[in-house]
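J.: Could you build all of it, start to finish, from the sequences and the hints given here?
These protein sequence lines are chains A and B, in that order. FYI, the numbering for the first sequence is 1 to 256, going by the working numbering. FYI, the numbering for the second sequence is 1 to 345, going by the working numbering.
It is possible that some hints are incorrect.
So the derived list for chain B, only partly shown, Cβ under 7 Å to chain A, looks like this [what the hints assert, rightly or not]:
#1 Ser24
#2 Phe48
#3 Ala256
#4 Thr260
#5 Gln263
#6 Trp266
Note that these hints are calculated values from the structure, not bench results. For glycine and all other residues, C-beta sits at the position ideal for the given N, C-alpha and C.
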Amino acid sequence: MSDTILKVEKLEKTYDNGVQALKGVSFDVKRGEFLVIIGLSGSGKSTLLRCLNNLHQPTGGRVTFNGEDITVVKGSKARSIRSKIGMIFQHFNLIPRYSVFKNALSGSLSRAGTLKSLMGIYNEEDKKRALDYLDLVGIKEKAYIRADQLSGGQQQRVAIARALTQNPEILLADEPVASLDPATCHTVMDYLKKVNRELGLTVICNLHFLSLVRQYADRVIALKGGELVYEGDPSHIDEKWFEEIYGEGAKEVHIN
Amino acid sequence: MEDKKALGQCLLLDGVVFTFLILSFAVAILQPTEEQLLNLSMVSGVTFGTLIVTMALAYGLIHFKIKTVGYLLFSPPKIDDSAHHVSWFKTFWGVQLTVAFVVACIVGIRVTDFSLYELFDEQGMMGARRIFSSLFTPNFDILPRAVLAIVETIFMAFMATVLAVPVAFVLSFLCAKNIMGDHPVAFALYGTLRTVLNVTRSIEPLIWAIVFSVWVGIGPFAGMLALLLHSVASLAKNFSELAEGISEGPIEAIRATGATPVQVVWFAVVPQIVLPYTAFTIYRWDINVRMATIIGLVGGGGIGTMLIQYQGQAQWNEVGCLVIVIAVVVWLMDTASAYIREAIK
Ligand SMILES: Nc1ncnc2c1ncn2[C@@H]1O[C@H](COP(=O)(O)OP(=O)(O)OP(=O)(O)O)[C@@H](O)[C@H]1O
Ligand SMILES: [Mg+2]
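T.: In structure tokens:
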């Protein structure tokens with residue numbers, strides 16, 4: 001297989017209300033890398049991630065996943081693509097009333113079959129996988145507690161386990177630590193890095209803090225007003241680049 | 001006024017108020033005969049004519065910055081000018097409201113044949129005393145039959161609720177904007193369903209019971225069908241409002257796992273709505289028991305039918321027994337449903 005897992009070419013997204021959120025963004029994602037996307041609020045980061053797994057339909061350009069054009073896919077094809085691309089969110093988006101285990105297990109829905117999953121029948125392999133991944137993110141002992149009883153950081157780890165249970169090739173993370181305190185934030189980022197290293201999973205992550213970017217990213221791309229304004233090594237981002245991306249007068253905030 | 005819709009609402013309200021006043025005075029002064037009042041084309045012509053003239057009048061008033069009731073209601077001033085405050089009875093809208101209210105009361109007294117004389121008439125009072133005394137000495141001999149009848153009523157309400165829930169459940173998704181999305185076909189379906197349900201709901205179960213008692217014959221089945229129809233429409237509305245308030249996050253997350261639309265509903269939507277849906281369902285059952293009693297009066301079966309039979313034969317002691325049975329059951333249902341709803345909140 002080639003080195004490039006995902007190829008994004010001149011990707012455009014105009015919402016129904018006329019907002020042009022992406023204006024021709026192109027970049028490649030290498031298999032196994034930890035790619036971070038930065039940019040101001042409203043620069044199109046979330047839109048970009050959602051166009052990659054077809055939660056939103058791009059309105060122009062092309063997305064190629066493992067050599068296959070996935071720009072406009074529908075129905076079962078779209079679902080099969082999504083199942084290979086896990087996603088975690090800023091607000092975790094767990095099912096509050098379900099147990100941690102059941103939340104993690106919902107990552108296997110695409111394989112479970114509609115009728116069986118409605119009756120609560122899952123195969124043993126998927127159950128084991130869900131527990132293993134809960135173990136991997138260090139939350140196995142809370143498997144049978146309701147998800148809404150957990151702290152934010154713990155919930156995000158469950159969300160990671162849910163995404164991993166999908167058996168994805170790529171993990172999309174939309175500001176996974178934006179609603180967590182600094183300490184918890186590093187724990188969650190460390191787990192993402194662990195997943196990236198140990199499972200060889202490609203991670204594409206939206207982040208706000210440059211200090212985190214330097215610490216975790218293999219490569220960085222920056223968006224501004226829906227356009228790609230920087231692509232390169234995180235260590236090359238200095239004050240000048242920072243001003244370019246975030247605008248004049250912006251100051252870097254450190255988070256430790 | 002910039003807002004066209006607010007202007008329209010304002011003119012219509014003021015027009016209706018003025019038309020009501022003018023027509024009331026006209027009737028009082030001209031004293032038309034009943035035959036004249038029954039002449040539909042003339043009456044509607046005069047009414048619409050007056051409405052148009054008065055709406056034009058209202059437009060003129062607003063144009064000259066006179067604050068009418070409609071203006072204050074639909075286009076309240078953005079600035080609070082209470083600094084140069086005028087007593088309400090010196091304002092145009094104050095006078096307009098007062099006059100309209102007084103005239104409405106006078107018309108009301110005339111129309112309802114309101115009469116203190118009748119209320120305290122010697123013979124009438126005697127009759128009332130007779131009924132009350134028999135009501136308060138109920139005949140408990142018919143209690144076993146009354147209990148059987150109210151069991152029928154309760155189950156009528158129960159079946160109507162049980163059958164309504166799955167239908168309303170499905171309809172509620174089709175009537176929720178956030179779930180239907182903005183696809184034109186989906187939107188058309190959403191609009192049609194909403195309208196049909198609103199119309200169905202605005203027709204009282206009592207009327208439906210009359211329709212169904214002709215259709216399937218007098219009895220509990222007709223009453224059940226009437227309640228069922230009304231319950232579907234009401235529950236679908238309650239449910240769809242709840243469905244519109246659910247959070248999008250879990251839906252997006254489950255969609256992102258590659259789940260099918262049915263799985264998305266089951267795993268991301270249903271867990272968010274089961275408890276509030278259950279609460280509404282129990283409440284609806286409670287309402288249905290009360291409605292089923294009334295529906296029985298027009299032949300919908302159950303205790304209502306029994307009540308109307310004894311009332312028709314002026315057997316007030318028996319009626320007294322039935323009233324007690326109904327009151328006890330309604331109170332029990334009401335209390336129980338309130339406790340259950342509180343518990344699952
Ligand atoms: N569902 C939507 N419908 C219409 N416009 C949208 C929608 N989602 C986002 N937008 C618009 O698209 C633009 C990009 O939004 P996006 O959420 O992708 O930015 P972001 O970089 O993720 O910002 P943030 O850091 O605040 O999450 C914004 O102008 C936003 O208002
Ligand atoms: Mg975002």
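J.: Can we keep the Trp266(B) interface hint, with Cβ of chain A closer than 7 Å?
T.: 5 Å, holds
J.: Would you settle whether the hint for Thr260(B) is holds or violated, based on the nearest Cβ-Cβ distance to chain A being less than 7 Å?
T.: 5 Å, holds
J.: Min Cβ distance, Ala256(B) to chain A: is it shorter than 7 Å?
T.: Since the shortest Cβ distance to chain A is 4 Å, the answer is holds.
J.: Just to be careful: measuring from the Cβ of Gln263(B) to every Cβ in chain A, is the smallest value less than 7 Å?
T.: 5 Å, holds
J.: Taking 7 Å as the limit, does the beta-carbon of Ser24(B) come near enough to a beta-carbon in chain A?
T.: 50 Å, violated
J.: For the restraint on Phe48(B), tell me whether the closest CB of chain A is nearer than 7 Å.
T.: 42 Å, violated
Hint compliance for this structure: hints 1, 2 are not met, and every other hint is.
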